[in-house]
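If you read the sequences in order, they're chains G and V.
For the first sequence, numbering that gives the first Met the number 0 gives the first residue as 0, with consecutive numbering after it.
For the second sequence, numbering that gives the first Met the number 0 gives the first residue as 0, with consecutive numbering after it.
By construction, these hints were calculated from the structure, which means they are not laboratory data.
A couple of the hints might just be wrong.
Because identical chains share one entry, a pair is satisfied inside a single copy or across any pair of copies.
[Stated by the list, open to error] In silico DSS-like links for lysine-lysine, alpha-carbon gap of 27 Å or less:
(1) K276 x K174
(2) K294 x K338
(3) K335 x K172
(4) K200 x K338
(5) K39 x K124
(6) K243 x K335
(7) K42 x K243
(8) K194 x K42
(9) K200 x K335
(10) K42 x K2
(11) K276 x K318
(12) K147 x K329
(13) K194 x K321
(14) K151 x K329
(15) K338 x K243
Fair warning: this is a prediction, and the values are worked out from it, not measured in the lab.
Protein chains: 2
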Amino acid sequence: MSKPNILLIGTGGVGTIVAYGIHYVGKSNLSVVVRRDYQKVSKDGWQIDSCDYGQIKGWKPDNIYPTVEAAAEAQPVFDYVIITTKNLPDVTKVEELAAPVITPEKTTVILMQNGFDIGRPFIAKYPKNVCISGVSHIGSHNHGGAIKQTQKDKSLISYFVNPNLSTEYQEAKTKEFISLYSNENNNCTYFADAKWYRYRKLVYNATLNTVAALTGVDTGRLDLSGGLAALSIPAMREVISVAKADGVELPEDVINSVVHSDDGDWFSPSMLVDVRKGNPIELEVILGNLLVVAKELGVVTPTLTILYELLKVVQYRLKEGKGYFTVPEKRPISDKFYK
Amino acid sequence: MSKPNILLIGTGGVGTIVAYGIHYVGKSNLSVVVRRDYQKVSKDGWQIDSCDYGQIKGWKPDNIYPTVEAAAEAQPVFDYVIITTKNLPDVTKVEELAAPVITPEKTTVILMQNGFDIGRPFIAKYPKNVCISGVSHIGSHNHGGAIKQTQKDKSLISYFVNPNLSTEYQEAKTKEFISLYSNENNNCTYFADAKWYRYRKLVYNATLNTVAALTGVDTGRLDLSGGLAALSIPAMREVISVAKADGVELPEDVINSVVHSDDGDWFSPSMLVDVRKGNPIELEVILGNLLVVAKELGVVTPTLTILYELLKVVQYRLKEGKGYFTVPEKRPISDKFYK
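So that you can see chain G by itself, here it is in the shape it has in the complex:
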């Protein structure tokens, strides 16, 4: 049997270490799509300073492509497509970005990305493909082709339940992927229930991450200022209610565990870091998708809904700042009657 073809899209700090881990295992034919750093990396490879793998100079996978389209032209079929981009469906829909390299009924997609219910658009578009969930806990940053990994690559791999495929098939594909990636230097484990785990992560991300991003403080100051008690904890209760209505029982002490997870640190969560840098935030996959499910299930989420609406305005500002659109010099006058 020939080696499976793997394509990884999104060679940031996380994606490059995932790619290197797969290369290290050596059981697949590995290609990557590199957009921003293509010129440099296709010539010199990556310089990797990794707490898992040590110092690696000039590393290259089997193939490097500048675009998804170039990868699709070069190879007829990918067995696995791993997506490790930032997850901004309001900017780029990954199921469309990856479309040229996904063979229906064949390619398994691995979403190693933040967010909740992110398998839904993939399964809708590719009803007979397996869609794997990868939740990565890693500290790694890409400085123009130089990767600095400071925190071990720990990942939990599950699948987003696709009702058109058998449990056995989805589980087998997920474990096969793990066998191509897991090695003695990383910590990659199978986790049966992607939905449970993604709800569990939301108890933090939809509540502390969002309020910190809106108010501009780390989670320590959020506690001291009263925002934790007045906003984030009520929001956590709303996440737990949605989960419960969706058949997911989170642990009784989940709020306590989440609040204490930053103990001792003035920790700035990812969305706050993005706002400070002027980067668009992963709002739709962290909060938007949850509110879609809450609405479907008829669960009221007053705090989360207002946080979402406020952050949509922040996202508008961040996108304008990045030049995604411009407004006219003179504000247009609306003749709408407001009541």
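With the hints as your guide, set chain V onto chain G.
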């Protein structure tokens, strides 16, 4: 009859033009308290470039004091004390700041400040003094003793109803104050109902000002991004409900008037300007006082309450930025159990 003694506290852009207007009328003995610019102004006076009064070089009132205490020591009784400072009761309570110059049952206080229900702490502390409300519409800025007034001094003068005093007495004092200040260059008018007018202002300030401050966009972008419809207009309906429960009927088209008041402008409201400059915001008098009244009247304000709690966290950050307090280098660990 000797001229009445007037003291003005807060010689910013607005306060200095108010003081000059009173000097221009010439019917009172005018003193001012100047804190930051005392050295310069007590020597050279103010340089005023005013759209109402023209160019004035080296203007000085009758007396200039560096502190409220110095004013109190110099003169036994002030008939009028005008307060034109920024209104930050969570930083400085103006009824305490002004205490040394207020003679019970004698001094009339004029609050030319932003905010809602701001007479309450004065009337509680001075139950037999008249408390006048001045709402100023003016564009004027102080650049270290150089005043640049670009927009006409238009003010509406009323009184905060003090149930311990007769209507006739309060109205007479209010009109007497107007006679000391109104002149052919400014536009100072009596307005019967301070409460109504302050509610009317809140329809803008509690809703557009607050959401703009939280999201970092002007009112034009707030409209285009959807925040106006999703957040500010529901918040306006809450202000109108509180007003109604408080016996104040706002006009039926108030929401439409408020939304269209910035037509054609990418307008940044005051609280957003403060956040951008890193200055504390007038949160308590714009939103906090309203929520106190809403609670007393049993009116639910879900949107305004969340906006307030979020802005309290922002205020914490702004105060820390100004050095009002510091946090320890290592975040303290709480042993609280959260649920």
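> Among all the numbered hints in the text so far, which are the ones the structure does not match?
Replying inline: 1, 3, 5, 7, 8 and 13
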